[in-house]
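Residue numbers (the numbering used here), protein chains in the order written: chain A, 1 to 138; chain B, 1 to 138.
Be aware that a few hints might be false.
[What the hints assert, rightly or not] Label pairs and their calculated CB-CB ranges: (1) A/R61 <-> B/D109: 40 to 50 Å; (2) B/E51 <-> A/H95: 17 to 27 Å; (3) B/R69 <-> A/E108: 46 to 56 Å; (4) A/E108 <-> B/T84: 39 to 49 Å; (5) B/R69 <-> A/S129: 32 to 42 Å; (6) A/R27 <-> B/G25: 31 to 41 Å; (7) B/E22 <-> A/G52: 16 to 26 Å; (8) A/P106 <-> B/P60: 29 to 39 Å; (9) A/E108 <-> B/E38: 32 to 42 Å; (10) A/E108 <-> B/A18: 40 to 50 Å; (11) B/S62 <-> A/E17: 20 to 30 Å.
[What the hints assert, rightly or not] Non-contacting residues of chain B with respect to chain A, defined by C-beta distances greater than 10 Å in every case (computed): (12) L9; (13) A18; (14) L24; (15) N28; (16) R31; (17) E38; (18) H50; (19) G52; (20) A73; (21) D78; (22) D82; (23) R93; (24) W102; (25) E103; (26) E116.
[Unchecked claim] Selected chain B positions facing chain A (Cβ under 7 Å, derived; list incomplete): (27) G39; (28) V42; (29) R110; (30) F121.
The set of hints was computed from the structure by calculation and includes no laboratory data.
On a predicted model such as this, the values are computed, not experimentally measured, just so you know.
Even glycine gets a Cβ: it sits at the ideal position worked out from N, Cα and C.
There are 2 protein chains.
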Amino acid sequence: MSGDEAETLARVEELEEAQCLELLGTRNVGRVAYSDPEGPVVIPVNYVLHEGMVLFRVQPRSRLADRLRDGAASFQVDHVDDATRTGWSVLVRGHAAHAERWEMPPAEDRPTPWAEGGRNFPVRLSPHSITGIRLVRP
Amino acid sequence: MSGDEAETLARVEELEEAQCLELLGTRNVGRVAYSDPEGPVVIPVNYVLHEGMVLFRVQPRSRLADRLRDGAASFQVDHVDDATRTGWSVLVRGHAAHAERWEMPPAEDRPTPWAEGGRNFPVRLSPHSITGIRLVRP
């Protein structure tokens, strides 16, 4: 590491779960990740937080729906500020499952995909752990 | 899906590999993903593209370094425009390994972490596949 680089490094702050949940509530798009035999796959989705779960919708009969019907999955949201070279990232690790009708919020609060493709298969990610970091400039 | 929702949906365009590589070159921060026994983990990193590989640096003797020393991994970069509700996403799937000195670009072109923590363990992700999509409003 050069001297110049050391001068400009940001401090890494671990976030409390409550802070992570607050930040999760500030975005429209996050990234769901699942693993297949070749490794992890990361896909952006529109989502909402509802009763402690991350809810989003995918295409029925898609590989994504298959993988998220019942299995380990993660959800990541971040914010990057190129100007100040800071940002934050929150990672939710948990279990994905098909969301039942009774688990969904009222219609107006449901996740609304931006993309076409009949994304009518609702998925809920139930967190096992919620962690996050923030980069802070002194 | 309500009529209102159908009206506002964006078209999904698949990107060619060359377009994906071009977009990969436009960002400073992407997300590396690896899998552990509990599922996928997604972590933002500063990166550069160099000779077809994604290069970044992590803390030596960290869990991240352990997992990325030799194993399946992915790298995801995206751009989200909340105002137009469009964006793009590129996913690189491949194999992560400790980058040897001779694989690194000249010093001025190396990945420079924004964060403290002595991130001096260089990792290269060699792509098996590079895919991407873009949301387009008619």
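Exercise for the section: State the violated hints by number, sorted upward, taking the hints as numbered earlier in the document. Expected result: 2, 4, 5, 6, 7, 8, 12, 15, 16, 17, 20, 21, 22, 23, 26, 29, 30
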